[in-house]
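Protein sequence lines, in the order shown, are assigned to chains A and B.
The opening position of the first sequence corresponds to residue 22 in the numbering used here, with each subsequent residue numbered one higher.
The opening position of the second sequence corresponds to residue 15 in the numbering used here, with each subsequent residue numbered one higher.
A portion of the hints provided could be inaccurate.
Simulated pairs of lysine-lysine, BS3-like, Cα-Cα distance not exceeding 30 angstroms [to be verified]:
hint : chain 1 : residue 1 : chain 2 : residue 2
1    : B       : K113      : B       : K63
2    : A       : K28       : B       : K113
3    : A       : K28       : B       : K63
4    : B       : K83       : B       : K63
5    : B       : K113      : A       : K86
6    : B       : K83       : B       : K113
7    : A       : K86       : A       : K28
Worth flagging that the hints you see were computed from the coordinates, not collected in a lab.
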Amino acid sequence: SAVISQKPSRDICQRGTSLTIQCQVDSQVTMMFWYRQQPGQSLTLIATANQGSEATYESGFVIDKFPISRPNLTFSTLTVSNMSPEDSSIYLCSVAVTEEAFFGQGTRLTVV
Amino acid sequence: AQSVTQLDSQVPVFEEAPVELRCNYSSSVSVYLFWYVQYPNQGLQLLLKYLSGSTLVESINGFEAEFNKSQTSFHLRKPSVHISDTAEYFCAVRGGYNKLIFGAGTRLAVHP
Numbered sequence: 022s023a024v025i026s027q028k029p030s031r032d033i034c035q036r037g038t039s040l041t042i043q044c045q046v047d048s049q050v051t052m053m054f055w056y057r058q059q060p061g062q063s064l065t066l067i068a069t070a071n072q073g074s075e076a077t078y079e080s081g082f083v084i085d086k087f088p089i090s091r092p093n094l095t096f097s098t099l100t101v102s103n104m105s106p107e108d109s110s111i112y113l114c115s116v117a118v119t120e121e122a123f124f125g126q127g128t129r130l131t132v133v
Numbered sequence: 015a016q017s018v019t020q021l022d023s024q025v026p027v028f029e030e031a032p033v034e035l036r037c038n039y040s041s042s043v044s045v046y047l048f049w050y051v052q053y054p055n056q057g058l059q060l061l062l063k064y065l066s067g068s069t070l071v072e073s074i075n076g077f078e079a080e081f082n083k084s085q086t087s088f089h090l091r092k093p094s095v096h097i098s099d100t101a102e103y104f105c106a107v108r109g110g111y112n113k114l115i116f117g118a119g120t121r122l123a124v125h126p
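Starting from the given sequences, assemble the full structure and let the hints guide the process.
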């Protein structure tokens, strides 16, 4: 299994600013995933972060808007840049251990 | 490409009644299927999973799901629901590189 610590748990931000979300895992993992859950919606994968290489972004998500760092096998950050109210969502970090995915508690972001 | 369809966005049911939450998938590779539950204002928790072997899988709290390859379905069932089962339920299929593709979710509302 894996225990994921994500912070902040929630934040209220002004439009035009940026927020960096941190994700710490209690074991070394090859891939870490960042998902977005917009209000009342399902989870959508933003990108996959591998240590030592650039993140792979899903269609509709770009590095300039959601830069990701992966400095080691237990840590990753996701930055939401130049925020607008449409970025108000829950952002979740996830890892896969064997065949199972584990999720952090999420970061509830409100942009005003 | 993999995809997941949850046919019901909301399912209202009375306490102690049976319930079925429907999920259909599309996958061109080996199928790994999951049901996740999200209680109000909480993170995502794995409810049960199908990886291989027996097509009927069970959770510790009385839910079960059956993998049906011919119908490409993985419906979730419980013979008698409790108020505490009120939550959002997400069906997911594992895609390439261990990422998860989620359905839109089904909101189960259990009424007394």
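Hints and how they fare:
The suggested pairing of B/K113 with B/K63 holds, with an alpha-carbon distance near 15 angstroms, which does not exceed 30 angstroms. The hinted pair formed by A/K28 and B/K113 meets the criterion: a straight-line CA distance of about 22 angstroms does not exceed 30 angstroms. Straight-line distance between C-alpha atoms of A/K28 and B/K63 comes to about 28 angstroms, which keeps the hinted pair within the 30 angstroms bound. Only pairs whose Cα atoms come within 30 angstroms are accepted, and B/K83 paired with B/K63 is accepted, the gap being roughly 15 angstroms.
Between B/K113 and A/K86, the direct Cα distance comes to roughly 21 angstroms. Compliance with the 30 angstroms bound is thereby established for this hinted pair. A distance of roughly 21 angstroms separates the Cα atoms of B/K83 and B/K113; the hinted pair therefore holds under the 30 angstroms criterion. Restraint check for A/K86 and A/K28: the C-alpha separation of about 19 angstroms stays at or below 30 angstroms, so the hint holds.
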